[in-house]
Structures are given as structure tokens and as C-alpha cells.
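Protein chains in written order, with the working numbering: chain A, 1 to 624; chain B, 1 to 158; chain C, 1 to 562.
It is worth saying that the hints were derived from the structure and are not from the lab.
All residues carry an ideal CB built from backbone N, CA and C; glycine is no exception.
Misleading hints may appear alongside valid ones.
[Unchecked claim] Which residues of chain B face chain C? A partial, calculated answer using Cβ under 7 Å:
hint, residue
1, A55
2, K56
3, Y58
4, G59
5, T62
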Amino acid sequence: MLKSVEELRALRAEAKASMDAENRKIIICGGAGCVSKGANKVYETLVSKLEEKGVKFTVKLEKCHDGDPVRVTKSGCHGFCEVGPLLRVEPQGWLYVKVKPEDCDEIIDTTINNGKCVDRLCYTKHGIIYREQKEVPFYKKQTRVSLANCDKIDATSIEEYLAQGGYTAFEKVLSGMTSEEIVNEITESGLRGRGGGGFPTGRKWSQVARQKNFPKYVVCNGDEGDPGAFMDRSVMEDDPHRMLEGMMIAGFATGANDGYIYVRAEYPLAVARLKNAIAQATELGLLGDNILGSGFSFHMHINRGAGAFVCGEGSALTASIEGKRGMPRVKPPRTVEHGLFDQPTVLNNVETFANVADIINKGSAWYKATGTDNSSGTKTFALTGNIENAGLIEVPMGTTLREVIFDIGGGIRNGGEFKAVQIGGPSGGCLTEEHLDLPLDFDSLKEVGAIIGSGGLVVMDKNTCMVEVARFFMNFTRNESCGKCVPCREGTKRMLEILERIVEGKGEEGDIELLEELADTISHAALCGLGKTAAGPVVSTIKYFKDEYLAHIHEKRCPAGECKKLKTYVIEEELCKGCSKCARNCPTGAIKGEIKKPYKIDQKLCIKCGGCINGCPFKAIKEV
Amino acid sequence: MEQTIDFAVLDQAIKEFGNEEKSLIAILQRAQEHYRYLPKEIFPYLAEKLSLSEAKIYGVATFYENFSLEQKGKFVIKVCDGTACHVRKSIPILEALRDKLGLSEEKKTTDDLLFTVETVSCLGACSSAPAVMVNDEIYPTMTPESAVALLEELKEKN
Amino acid sequence: MDKEYMIIDGIKVELNGEKNILEVARKAGIDIPAFCYDPDLSIYGACRMCLVENERGGLDAACSTPPRAGTSVKTNTPKLRKHRKMILELLLANHCRDCTTCQKSGKCKLQEFAYRFNIEGVRFPNTACELGAKDKSSLSIVRDSSKCILCGKCVRVCNEIQNVGAIDYAFRGSKMKIATAFDGDIVNSPCVGCGQCASVCPTGAITVRDDADKVWDALGDKNTEVSVQIAPAVRVALGKELGLKEGENLMGKLVASLKEIGFDKVYDTSLTADMTIVEEAAEFVERLNGKGKLPMFTSCCPAWIRFAEEKYPEYVENISTCRSPMQMFAPVIKETYTGDKKHIHVAIMPCTAKKFEASRDEFKNKAGEPYVDYVLTTQEVIRMIKESGVRFNEIADAKVDEPYGMITGAGVIFGVTGGVMEAVLRYVSATQDKKALDAIALSGVRGLDGVKEATVKLGDAEIKVAVVSGLANASALMEKIKNGEAFYHLVEVMSCPGGCINGGGQPVGEREAKCERTKGIYDADKAEELQFSNQNTVVKEILTGPLKGREHELLHVHYKHK
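Extracted from the complex, chain A is given alone in its bound form (with noise of 0.2 Å):
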């Protein structure tokens, strides 16, 4: 247990000089994404290889590094999810790509023995080898701030933390910062919430700061649920400790004594990592009572959330936290009088969170130095979709999304063309083409109709069907929706319901009018953000690609083809050789004809399942 800022500064003094005696490191990228992919076998043969081969190393810090032993760890998430499992070799920088188990004999005879590069395992493009992390295209337009520390280390040892100057910033403010100058620190950097809403960190926290109701509360939003979204995912798993210092730092501005952070149900390993950072925390005498002897005490509680979408809104969120129905409640009273358990709360969301220690250490100065005027900093984003590089990135704000996409995405999966992206998950809308100068910050996406949100960017190809789109998103607020209020518990469902009918091919006259009027209730009368915003997707498909809606209306068609009920399933005469195996497949007889002579679909019968196509040794049936 640590009784002073001194013995804390002596032991990140030490971790540090450990960590900088690791002369040699292998870094196994232990991301959920590399993982699924197979990383955790990678290191197991790694590990056990040099074993067998009788090579020095260690897996975890050590203070003594006899020998020099190479150093082998899994650190959190690297971000280029698309060719993981990624594997670096340090101090060269060098990354390897889709390692495989089988690759272990080879790096360590090559690399780590006589430390040259495989470069059959190093990220190739048109004909280009990539050995160095910071060359690839995909990481060199980014700037890792609240991910800086994710492919470094290991997100179970606070020791590594420390290592990497971590709680020097909470250190900083127990040291003598009053409520005063951080608030006024965290104000002047311009942090603007990165949970979708953009509301000003520090005047979040003044707010907070000025009630003169106590107990308050920090409560931290990790119910990351937007679909396509897993940035605070990868902080909670790799750097816990990064989320737990920005909100101490939080407590200590507003004179909150307890921390709350909520983690959505489907991260169990975030979970792990949190409690277990938060048990390292206290037992070094950095949570608790009295920290440090500064007599500021501080208390940090994990709910588990249950399965529902909506508890990423403020006020449903507390609810949950209190053991309710997560209901969003009408505002005012706001979060910051009238929170968790009604008392005053700093309620921010987890990158929000980690962003607070650089600023506190750095200043604001430096803060503002990266991004816009009036969105300072970076912002993750996770890049999914049909994206040739997937994955999790951090660029300054003001990145244009062209940059993002094709820098850094490496353009459209399979050498495709690219459509449309959708940003800010179901509360957000679509970009298209004309976006694609368009700056990431806050204000200019809320210019053109869309919003940051926290980060979700899904790309789509000219194969993506805009209207399926819309229908996809809108089942997803259907389904999420709390029931509270009447526009979006009855508006989400009717405009649901249009929007099957349009895809099915029984769209009407007058249904875009309907979904307009609809989406019109809903955003002006829903009683709470998520509901405002969600009839964001179908406003923005409207507004972008109303040619499909109306092909899919009156003609009937879908102009991406992806509308399998507007498909037709046509047999190709000169190709069927009168099998009958189609006849026998379909399910509704659709199919008749005479042996060994071409066969016919009823187009009237058909349902369009795609079993006829599937079954057909001759590929003789066509789906136009």
C-alpha cells in the first residue's frame, strides 16, 4: 500500500527502468479480434517453442534481466484487426501479419536469434513490404491518444501502466491542483463528450462541481452498443487503468466520492480486466480512503449491464445502475443536479474518460493543438464494413472521411465502389460520396445531417441495398426501443413495418411522405436522445437515395440486387438439361416441366427462396 506521492513516483521509477531494460519484445496483439482469429495459440507455440529451443526469455516485467531475455507479452488491441492475428517485434517496430502458430519456429530462428525480418510475414500491398509498424498505411495517418498505450502493454499489470507514466496525472492533481484548475484545464482543451453527444467535458464538470448536494457520483458509460462500434471496448480491455485514472481525476474535480462504470453485457473480458485493475488500484492505495495521505477518498463500483441498448442513454443508464427498468426519464431535472440515485453526477463515456490524464499531463495547450477549432483532439473510430482494412483507428478530428477510407481503409473490400458509409450507428445517418472531403469533427457532420456518435463508421459497397439499410437499422430501434414514449415505441414499429413492405416489393404510393411524417413525430416529440435521433438512418437514405425507395415502390426493383423478394429466378433454356432436381427442391412447386427438356418457373408460385439455384449441378437458373 502506498502511503505518499514519493512512494509512488519510486515505483514507477522502478517499473519504468524494467520496462526500459527489455532490450528485446515480442508483442502478440491480444485484441479480441486476434484473438478469435487465433492469437492466443500464436503465443502458447511461441512461448513453448523457446522454451524447447532453449532461448532465454520472460512474459512478464522483471526487475532483473539476467541474460538478457527476450520479452514476450500479449498486449491489447493493435487496431488492424483485418490481418490479425499482428504480431511486433520491438525495439525494431517491425509488424507481422496473420501470424500463424506455424510461423514460430521461423521468427524466432530468424528474428528474434539473429534479428533480421521475415518479411513474408510483414503487411504487403501492391507489391510493397511494409516492416515497420508506422510505415503501414494504415497506421500512419493515425494519431493514438487514448489508444497509445493499447499495443504497448499488457492491460493486466498496473506496473506497465505506471511504466508508461501512468497516474502521473492523478499524481498531478493530488499533488496540489485545485477543483478549480482542472476543471478550467479541461475546459480549456475543448474535450467535447465522445459518446455522440459533444457536450463540453469541462463545463460538464463545473456544473457538477458547483451543487452543493453530496454524496455525487462519476459514472462512466461503457454500454457501447451502437452496432459497429467496439472503440471503448478495446480502452476497458487493454487500458483499464487509463479509463479508472480520468475518472478519479473526475471525483476529485467535483467532489465525487465514488465511481460507477457500467459495462455492456456482451464484454465479459472487459469486465475481468477492469475488476482486476481496479483490485491492483486499491491494493496499491490509489482507490480507496485517504489516497495517499491527500484525505481524498475514492470508491469505483462495476455494473454489468443486461442486454439493452437504451442504458447507453444517461438517465436509463443510472436507472440500471439503481436496479430498474432502463427507462430514460424526462430531463430537467439533468444528470448533472438530479443523477444516479438522484444525487448530482458526472456521467461521461468511457474515451471521453480516457482522453483526461494526457490533458491533465500535457495541458490543454497541447490538447487543442490536435484537431479543429471547435473539435479538439482525436476520436477513435472502429472501421467496418465493406472495408478492405477493418479495424480500430484514431485520427485527429477533422480527418476527412476520404482519408479515413481510403488511407487508412485501404479503400472497398474486393476492389469494390464504394456507396455510402453510415456513421453514429442508428442514431446517425449516412455519407455518400459528396462527404468524402467531408472533416470528421462534430459540427460538420451535424451540418450535413449525420453525427459523430462514438465512432461507428460501416462501409458500404454498390452492392448494399440503402433501403435494406434503413429497414436493417430501424429493426434495430424497434427492437431497442425502451416502449416509454408513444412516438418511438409506436413510430419506430409503424415505420418498420413500411419500410418491410417496401423492400418485400409492397411499397406504396405515399409510403416516403409516411416514413417523413413518421420520422418527423419521432425526432421532434421522443422523450429521449436515442429516440430523437432514431429515425436518423431512413431521414438520411431518404435524403441520399431516394431513386431506391422509388425503384423499390414503383418498379418493384432493387438497384443494388440485394432485395432478395425482388429478385426473379429465371432458368437459362440453352443451359438446363431437364434434370427435374429444381422441381424437386422447390418447396411451392413453382418449377414444372418435362424431362430432359428446359424447365419453367412460375414467376407466380415462386417465393423466392434460392433453393432451386443453390441445387442446380448445371448453374443453369439465374437470379436477375
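We have chain A; now place chains B and C onto it with these hints.
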């Protein structure tokens, strides 16, 4: 299937989390993990211990996706239908699994209580899309074929 | 301090501590439409009908936005009309619109607003009528989820006002519904049958169970004698619905109408209210003298009895053994009936829980038949009168039948919270004069507050009494008693806030009706010649006459621990 309900796990959870309303979700989660569903019998028990109405507990249990009032299978297969997985064709995977096991939107669990197939809004494994989660393990870049093969694998594991 | 104002639709309105814009607007004479708002319940903010437009063109829910001095809002703009119409259309699309055969027709808020906002059609398919069958399991209420608009008033009244928790929100999104645990029949829930949910429900989703058909059958049968008793609180709750004044004592017209309809004998439950006082006061004095537990709780309210049985079984012995006035009168009438016809006894009550009380085994005769055959609520009786074609506002007053025609004001005030207590205090007061009456009236037992306390002198002793209405208030008091934080000798409990005048079986009234009905009751008390139960000589005659020796069997009850 008759089953006597052992309340010890609830007592333990109440001891750990406290007998207040704010502990309800954590206690239900413990129960869900232990019984693999929320047996009817625990509702009056918890209502008494936490001084809440049964209707309120039922309201909470039915609000959250993760609670089930019916027994789930030994292997809970969650097919991710998040945006990223959806655009990389997750629905055919779901259909293949349901087909193979004779399940549907309404019937989610096999009669032998081995498999439960459900969808999930997003697993946060978007880079591995389309992804499937079995209990707590994620299986990346699935196809309808690999999903069916996975069933065989799980059956053998059993 | 200077007065503060806000502007509503151009009207300058003074602020007087109103909690929200909706209340301010009502003061200005503007009725902002709302389904989920009720001044007695917590703010829910779900129906979104009460949106108003602020100066920046933004929309705020009037129910949840506190008024701010100097600001201005508009309550009726094209934008608001558009959204309100869409909300109504969405609600109607999900509502079983069989209005012509719905009990709430004419009193339904959804119907009213659909008319007010001129909804001409619904563009969405309607599947609501196919929803699950009605829940008719309760003797008190009928639930029909196909009519529910999820305004949550029933849940809030059941939890916040009554602390019963029989129902709550279940499921979510478009699957959300109001349900008991496991969505079972309400009869298997902790429901006490108070009917407050039905009285706050803006649509036909929860209605009072209607037993009028069975009574009509009995009335139509020549070989059946049909007698009826009328509870005190009924007489002041008929006016508004029958074209007269709210709160007016219309007992004479009601008696005349019932006779016209065909009831053979009509009685006033106020008589046995006096009898209850005589018995209860005697019991109380015994308990004071050490024979029995204190505090003693009153026993007139059947929902309270069920609540106590369910939640405070250890206090069941503290409940007075006196039967409720309804259950005292019924055996008197039935046991003294000498005719040879089949005898059906009906009770007209402001109360849905009485329907259940009548079915309890404790209140059946030796042959297992209930003393009260049917309980009709005020609502049902109003419908019967309307159905019969009797011109209620023109009919001349009539008197109740002898030999049970005598009542006192003490019996009549049973209809309001504090009334039973006041009647007891009158009974035990030493002087029994005008001065005593005034002192008791001012002792703190009157008024619509949910919890009232008073200390009164009884001989040399100081008696601490409490009067609560609303079961949540009762619960809070019980906890205090349990924890030793409070002690009382006598506690009056009424389940419905304000007492029986606001019972679940009364016509669905606004808040103001409570005050008017209360006033009506006290006026009726004053209008009576006698104000003390012991002055009721008929009560004495019954007790010394036909019931002599059978008091315990017919007038008392011992509820069992559950």
C-alpha cells in the same frame, strides 16, 4: 423437467451485493448464470428478500435481453447481426443454424436443451465479421457452412 | 417579493409555485392535452401530447418542464398540432377501437382527443383487437390490454399511492405491456381490488367489473324480493353524470329511482355505520382496558383488510372485529326477512373491493350463501338508471324503507377520510353537544391530507389517533408503528385517497371532485337532525331485538392470518 430450486446461490448473491433494489440486476445475473435461466420460483423469494413486488422484478427481468424465463441450451449461440456483420451477410448463417437444428425465431432452444440460437445486436467483434459467439467465445468470419460444422464440433465436445 | 409571471399563448399568468407548465396553463384556462399526467402521481412524460413550443421553437413537455419566470410558450401551433395528431394516430392504430361497445365510451380520453383533434383516419394496420383475451379473473376490475395506451397511470397509482405493486411495466419496446408477475391473472396477484387503477385509466384498458345484468335478472323475477342498501359516499357522487351538481347529496332521488327501477326495499348503509360505531367504540374501550391489542385499526375498508392480510399479517389481530357497515346491514336484512320469496340483497357501494368482500367466506350464512348477493358500484348504478329511462333530475325525492329508516350524521361521514374516526370520537365524547362536535371537527381528523394525527381526551386519558388514506400512507404508518417510531391507540385506514368519496367504483372524477364530494358529505351530516351514533334508536332496537345474542355471529368477524 422437474427441478428443485436451490436458493443458496441467491442468498450468496444477496450477501454479496446487498438486499436493496440496486442489487437486483446483479443478483438476477448471478441467477441467470447459475440456473441458465430465471426460474419462476426465485421471483417470490427475491421479492421477499429485497422488499420489491414480484411484478417489478418481472418487469426488470423482461426488460433486459440477457435474462431468460425459459431454460436455455448448454451452448448459447449468439449470431451477431450488428451492422458490420449484417453487411457481411450474417443472416444466412443464422438461417443455416436454425435450419440444421429445427429452430426458429420463436423456438430458440432445442428440445434436448443442448443448443440455443439467438441473435445479438452487436458483439463488438466487428473486425471479425460475421461473428458468432458460443457462450463466451467468439468465432470469427463465419459462413453458413462453418457454422454448421461448428455445431458438430460442439456436439462432440458435449 | 415581486410577483413572477410567464406568458402562455400571450396570456400573462402569475406563477404560484406550480411545478410545471401544464399546471400554469390550466390556471390560465388552457387545457393542454395529456394522457399520462396526473397531479397526484410522479411525472412520467411518456405520452408526449402535452408538448408546448418554447421561444426558440423547441418543444418541451409541459408536464415535466418547470415554469420559468419571464419565458413564454405556445400551446397550440401548427407544429404541435401535427405531432399531436400523429401521436393520436399511432395510439389509435394500436388500440382496439370497438368504442361503441366499450364501457369507457364517452369517458375515454383517447376518444375525446381523437374527436378534439379531428383524426379522420388511421393509416396503419390495426391488430390490437387480436391481442390476448381480457383478464376477467378479478371480482373488482376487468383488464383489457388491447385498449392500453401504456400511459403508466395504473402502475404509478398501484405502486406510489397504494404500495400494492400488483402490476408493473413488463417487456420493452413495442412488446411492452402492463402486467402482473409472469403476466398471470390479476386475481393471483397481490391486487387488493381498490379499483384506483380503473379510476385513473384514461381508456377502457381497466374498467370496473359490471354485475348489473345479474341484478336486472333478479329485478325481473316476480318470485324474487330484491333489497338494496346504499353506502354514504354514493349520494354525493352522482350529480355530474346525471345532469346535476357534483357533490350534491342526491340520496332522495337515488332512492326514488331505485324504487322506480323495481327494488322492493331500499335502505341506507349509514344506519349500520352507526351500528359499527356502537360496536367498535365498545371494542375500543375494551382494548383500552387491556383486552386486546393496540393500536386498533378500523375494519370498514375491504381493500385495507386484504392489504393487511398480505403485507402485515402480524397485525391482523389489531383490526377491529366489527364487520363493515355493509356486512352488518346485510345479515340484519336477510335474517329479519319474513317473506316467502327468494331474497336477493344488493349493495350499492363506491367501492370495487366490496365486490370481493361480499364473496368472502366470512360473510356467508350457514348455508354458504353470501349475505350480500351483488355489489354494484356507483358507476353501475348510474348506468342502470340511464338504461331504465328514469329522468333522474326530475324525479321527486323518496325516503328509505322502514323499519331501518333512521340515520345520523355520524353514519354519513363514513364516506370521507377521517369520518369513521370522527364518529367514534363523537360517540365517546363526554358532553355530546355542539361544542364537542366543533372541537372534534377541528381536532385534525378532517381534510384530504393522506396522513392526519390528533390527540384527544377521553376521560383522563389522552388518546392518540391517526387517520390515513391511500395504502402507501398506510404502509409508511405501519412501518413506523412496527419500528416503534410511532404509537397510536386508534387508526382509521381507508385505501382510497380521500376515502370512499374517491373510491374505485365512483364515476371517474377529476381531482376537484374530491373536495366537492367531501363538502357534500359534511353538508349532509349537518342536515341530519342527529350527529351521534348512540342517538340512533333503531340501532339499539336491532341490537336488543332480533340480533340479541347473535351479535358475535352476525356483526363481528375474525380475519385469519394468511
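Each hint, compared with the structure:
1. Checking A55 (chain B) against chain C by beta carbon gives a least distance of about 4 Å; that is within 7 Å, so the hint holds.
2. For K56 (chain B), the shortest C-beta to C-beta distance to chain C is roughly 5 Å, which falls under 7 Å, so the interface hint holds.
3. Using the Cβ-Cβ criterion of 7 Å, the hint placing Y58 (chain B) at the interface with chain C is satisfied: the shortest such distance is roughly 4 Å.
4. The interface hint given for G59 (chain B) is met, as the beta carbon of that residue sits about 4 Å from the closest beta carbon of chain C, less than 7 Å.
5. Taken as an interface hint, T62 (chain B) checks out: its beta carbon lies about 5 Å from the nearest beta carbon of chain C, inside 7 Å.
The structure shown violates none of the earlier numbered hints.
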